[in-house]
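Asks: Those protein sequences? They're chains A, B, C and D, same order as listed.
Position 256 (the first sequence) corresponds to 256 in the working numbering; numbering is contiguous.
Position 366 (the second sequence) corresponds to 366 in the working numbering; numbering is contiguous.
Position 385 (the third sequence) corresponds to 385 in the working numbering; numbering is contiguous.
Position 266 (the fourth sequence) corresponds to 266 in the working numbering; numbering is contiguous.
Incorrect hints may appear among the rest.
Coverage of chain C stretches by chain D, computed from C-beta distances (three or more under 8 Å per stretch; other residues unrestricted) [to be verified]:
no.	stretch
1	73–87
2	90–96
3	110–121
Just so you know, the hints here were simulated from the structure itself, not pulled from any lab data.
Beta carbons are placed, not taken as given, at the ideal position from N, Cα and C, and that holds for glycine.
So the chains spell out like this:
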Amino acid sequence: MHRYKKLIVSLISIFLGLLVGTLFMMVTGHNPISGFIYLVQGGLKSVERVGNTIATATPLILTGLSVAFAFRTGLFNIGAPGQMLFGGFCATAIGLTFPTLPAFILVPIMVITGMLGGAVWGIVPGLLKAKFNVHEVVSSIMMNWIANWVVYYAVKARFTGTMETESKLLTPNATLHANWISNLFQGSYINLGIFIAILAVIIIAFILNKTTFGYQLKSVGFNRYAAEYAGISVNKNIILSMMIAGGLAGLAGVVQYAGNANCIQLGVIPSQGFDGIAVALLGANTPIGSLLAALFFGLLYSGRGFMTAATKIPPEIADTIIATIIYFAATSVLIESWLDRIIKKRHEKRLDVKTNNQLETQKEDE
Amino acid sequence: GCSATPAENGTPTTEESNPTEEKEAPEEKETSTEEAAKPSASDLKVGMVTDAGTIDDKSFNQGTWEGILRAGEELGIQTNYLKPAGQTEADYLKEIGNLYDTGYKFIVTPGYKFETAIYKSQTKYEDAKFVILDGAPHSGDNAYDVKDNTVAIYFAEHQSGFVAGVATALELKEGALGFIGGMEIPAVQKFNWGFQQGVAYANTNLGTNMTIEESNVVYQGSFDNVPAGQQLAAQMFDKGVKAIFCAAGGVGVGAIKEGVERNKQGKEAWIIGVDTDQYAEGFYDADNTKSCILTSAVKRIDNASYDMIQAELNGEFPGGQTLTFDITTDGVGIPVENPNLSDETIKTVADVVQQMKDGKITVADNGEGLIK
Amino acid sequence: MDYVIEMLGIRKEFPGIVANDNITLQLAQGEIHALLGENGAGKSTLMSMLFGMYQPDRGSIKLNGKEVKITNPNVATALGIGMVHQHFKLVHNFTTTENIILGIEPKKCGGLILDIEKAAKRVAQLSEKYGLNIDPYAKIEDISVGMQQRVEIMKMLYRNADILIFDEPTAVLTPQEIEDLMEIMRGLIKEGKSIIIITHKLKEIKAVADRCTVIRRGKYIGTVNVKETSEAEMAKMMVGRNVSFKVDKVDATPGETILKVENLSVLNNKKVLGLKNFSVEVRAGEIVGIAGVEGNGQTELVEAITGLRKSESGKIFIRKRDITHLPIHKRIESGIAHIPEDRQKRGLVLDYTVEENMILERFNKAPFAKNGLLNYDAISKYAQKIVDAFDVRAGQGCSTLARSLSGGNQQKAIIGREIELNPDLLIAVQPTRGLDVGSIEYIHKRLIDQRDKGKAVLLVSLELDEILNVSDRIVVINNGERIGTVDAQDTNENEIGLMMAGVKGDVKHA
Amino acid sequence: MWETLVQIFPYAIALTIPLLITALGALYCERSGVVNIGLDGFMIIGSFSCALTIVSVEKFFPGSNLAVWLGLLVSLIVGGIFSLLHAFASINLSANQVISGTAINMMAGSLTLFLARNITGSGTIRVQGFTKFDMPVLSQIPIIGDLFFKNTYITTWVALIIILFTCYLLYKTRFGLRLRSCGENPHASDAAGINVYKMRYIGVIISGALGSLGGAIYLVTFAGEFNGTVGGFGFLALAALIFGQWRPLAILAATLFFGTAWTISNVSDVLPQLQAIPPVCLKIFPYVMTLIALVVFSKSSQAPKASGEPFSHSER
Ligand SMILES: Nc1ncnc2c1ncn2[C@@H]1O[C@H](COP(=O)(O)OP(=O)(O)OP(=O)(O)O)[C@@H](O)[C@H]1O
Ligand SMILES: Nc1ncnc2c1ncn2[C@@H]1O[C@H](COP(=O)(O)OP(=O)(O)OP(=O)(O)O)[C@@H](O)[C@H]1O
Ligand SMILES: [Mg+2]
Ligand SMILES: [Mg+2]
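Using the sequences and the hints given, assemble the complete structure.
Replies: See the structure below:
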């Protein structure tokens, strides 16, 4: 019932977002129909483009998952960009330091270190929140910038290659590239990262819904006082939650820098981190929801270039649409209450019957 | 804000120190097929993919784009550009693919970041033409391989910086100079090195007495931190620097702003612009007659893209070659008009330029013995 | 007689409930009129409408005979109606004066600047006149609850209200403070004001009120003259049937000591000692009641025992085992169960279903969890058992969201959960707050069962009747100190009242 | 070192002002009970609307600053209007205010660029802003003069007026009392007949307007061109608000600290004195200090009690 409601809310948000997008296209004298047609074609026209769409979505799935997971524990992880960057850096560092190791050893190590790197970056706001009640939003924003500069100088000091604005390039055995899959998608840059993402979705969904650990996290998220009352350690769970959220963002870094790309750019805070917020929101903070939302955004992102090429509609329209969707998702209260009214109407009758019975029993008392 | 003077002559020379010796035979075959499939202006669609900055960065991307636009107007071709979401090879490939799939089969990409993306594209889209500026295709191992549907174009930024350095020294005679770079990338570094050599040359041969302190040569570390640009410039000026050479995109914007303000306050503060003629950026009086831009170390990116399009239309697309736009073709240098330079400065500079063209003066494109 | 206020055929609905249904209330000039009803009967709602905070769905309000629309509190104020709310409406970090003038601030310098001084003077005068002794410059967070209430009264007087509404003013006061309050009320009547007082304490009605209007489950029952009506009669009107005031129970047979608190000192939220070396013992098979006025250290005591608050000094034992520094879950395992004061803040995760709430403390114990995984079958079976046993009424049974349960049913669910833990020590804080008499009787019975099963029960309540009826021994607490201990059999309200006020009672039969 | 400080300080102040004004705006917002992390977005909106105004009207006022002043005014208004989005979401729909703020940030970034491209055909708008000047007499005062009255922007003094007015408004007037009560205990305000919704709307609108003005000043003093970002200044302002414990003068101190820290880390490259310190330390200095400050002040947090809590008339 609830899920179902949330799904409708998300769909309506998307619809409204696209509506606003349409308006902007019309106002700026473009033809929205062809605009959207090209947008979709750009994402799905060919097998390769489908692959690229999936690849674009891969880091978004993970950052979205990261934000959603933190959200379920009542935390707003706006620090995903920093965690992603730092995690990706750690993985890249390993890849560049041991380029000779065979892939089946090197890649797993990179994945793990990337996850740990992100986790470390996530723990800091968690600790500050738990121990000093520092609002995680502000602290994680600071952590984003710190990550940016730390990575900047670390790469400059140890890993610069021919291009001064990027780290050395990872050797193929140190990336998630796999010929069979990119051939499967006619040379798309889709890579093994998508499997990591899907695996993460499954694991997180399992943790949240089936395990006592998930039960604890959600208790803290819904009502930290009740959790405390029940002997659940609020602080421990806050820190753990931020750590896991960070780890997921770290994985996003791995699939981005060692999957979609093969190096780290200097002075670039990955936008996928911020988009994770949008993904999580649209996905109603559920793992599956994040997966679907990420694929949707992936479509928008990989399609917009084609749209611009074909129609000269400025690509910012895509971001505008996304932002609008988020706004409507944030104000879903409106939509929900409207849905509630519909649902109520259906339940009314049954309720009436109940209350009548109760009244009768009371009469008998008297 | 770029006083675009039409290219003197479009056909640049092939640099000798070309990493790949170009193969003659395919050259002919290529051109012959070119003749056959010589595209008429109307149906040539030229696309561009922007580098890190925006299309209007008053510098690299904009220069390229202006060249394409000029071609659009004068040669009547369709043009369009795409801005990639990120700066990964995948992002670049995606946008190149978008251009190709929508019929833009002549694609210009500014910046060495495109090297690996173009390497892949030139084989993937064999019926498309590629122009890469400031770089040459390779698979990540720096083993350059310019296919026959691709032209790699370098600029001799060091020569440009050299000329600017000479001009600055001549104009200011004596005092301290500074340099603000964006990120430490080859193009920016070469500007810096050339500038220092130019100043040194003027000091030894032309009787000027300019100094450049180590601490006044900085790479800010980004191309977009405007406040930092202003504050760095302010610091240098306060430390007695007379003129600052800015090769730093948005950071330079901040520096120019500081220059403008100081001049409004009646203080001496010169900026040397970069890439395009930035004279107009530096106006500091009401009726836009006075500018704080002493001169600019220009590299005629616009000519590069324009010339290549023209060549394509003439069926002379120099596929497979690695070209260098340098002083000899006026691909680099200082603007033709320099209201802030005295006539004899201009005369002397012209003389120096001539000597460079004649090879009497050579400028090193590396930082040996120079600051940073 | 002529009425200053007439509320005729008032109806008010809230999502899911009719709070007021065709209610009539008539207030005569210069009388104290009691409004009687159980918790949730709709008293506050009715008064909120008279004060313009809600709008009636149906019915009319007349002031001195002519109909008025009271669209918001300002209108009410303009009409000379003032209200002291059940939950005080004060800004904690403002001074008393700032709170009093909020909304009608006097200004000086051509309206550019607040004129606090002027206001403060007026406050001082009024507090002189009505004997409220309020310090105009004290911060709310620093003054006692009684004083805060007087600030609320001052708000009305400052606005020259003639019709004064008191919503359960006595709940937070000691019997002595209640006496003072009634004095103040009588004084106000002399000054020509008319008063409506909400309460469900019959004694108080008897003491001050002239007439009394009774409502039950949102319906109008009737209006009576207090002089001519017995408490029992009024009680019957309120509840709808005869109520036994005494809870019948056999004498306690205390066994070994379960809980032992030794010289416990605890900081309160203001970081000063809220509990001062306090000692208490609870033995198996007895119910010990903690009597005291709200905010005198009960919360600190309970939270220290349950581990929600750390204690500064002193020791806590369960069966001789020192638990003073154990984490909460260890304490729960050692046999403590806790019915919390605030059911919605602590007791329940409102966004969890009933069944998820039923395992809040045991989610990681078999059979509900097996190596880290939740076993939903076991959980729903367990929850169903509790729901049946404690007749928790919920829309979709165990899978109802706790949020949509009524207050009473939420409370029953919590109590069921805690008793099902089968604890050696059950700490019940305000277990019947906001419940109808039926539920109250039922829960009292459950507490006594618990005792008779040879378990220890610590009952903390602000309702003196509840304390007197249910407990075997009564420990009185005042200002964080233990004033004394008395036997429930041979004590009475006055004795305890005095002790609650801080007068050391004789501890002879402790 | 001293003369370096003297040289740096005016620039530190210049950096401080946009932070200060934005943080002050947020102060009104949070004092009325609404959290606003959309500050960055509002600053971007401001810098955009100001830039657009200037370039479109400057030809009418050659050789004068009127165009710039007009730009500031417009940004003030536009920001106020744009903030209605946040107000409506968080006041009427009792939406999650943090998320609504995030949406504002995302929207501002993309929307302004989109409009800029469509209107001016370019994603960056270059403008001629204010110039620094020396206060006539005051700048002659020995130390103070050098630090505060040399190389100042006119906007600095506007900001100071705003902060003084804020102190007066919050603590000396009826409006201030009511606004603060809404942020501490809206139900008390409600019972006192104050329209909580209205007060909160005012709070949010002021915050939007001032935040936008902050962005505009960022543009016309040192940035010089709109390009779709304000370098994360909005978030720094938010930190400064907390750092300053929701009190005007403390906020002034906090922002001044950030301004100085930022300036130092910016110019560190040319300060021989700082060459010893690894650059990364200087670059992350402001952010690390913020974290430390947040920790230090967390104990004695003076946050408005009801800030971030949706208020609904019917609930008790
Ligand atoms: N704002 C509201 N929204 C929903 N339900 C409400 C609201 N206010 C009151 N109710 C419900 O209306 C009924 C009457 O509430 P009210 O507060 O008037 O009772 P009361 O007689 O004052 O009870 P108490 O003695 O506990 O104060 C209760 O069931 C309550 O839950
Ligand atoms: N927040 C809520 N969401 C949904 N329904 C609610 C909510 N609050 C109350 N209700 C519904 O309104 C009815 C009255 O709730 P309330 O808590 O006032 O009960 P009550 O009158 O106090 O009865 P009780 O004596 O059991 O407390 C309940 O049956 C409940 O289903
Ligand atoms: Mg109730
Ligand atoms: Mg009530």
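Asks: Hint by hint, note whether the structure agrees.
Replies: Hint check:
1. Under a criterion of three residues with beta carbons nearer than 8 Å to beta carbons of chain D, the stated coverage of the stretch 73–87 of chain C is upheld, 6 such residues being counted.
2. For the stretch 90–96 of chain C, the stated coverage by chain D is satisfied: 5 residues place a CB nearer than 8 Å to a CB of that chain, which reaches the threshold of 3.
3. Three residues within the 8 Å Cβ limit are the bar, and the stretch 110–121 of chain C against chain D gives 3, so the coverage statement holds.
The structure meets every hint from the earlier list without exception.
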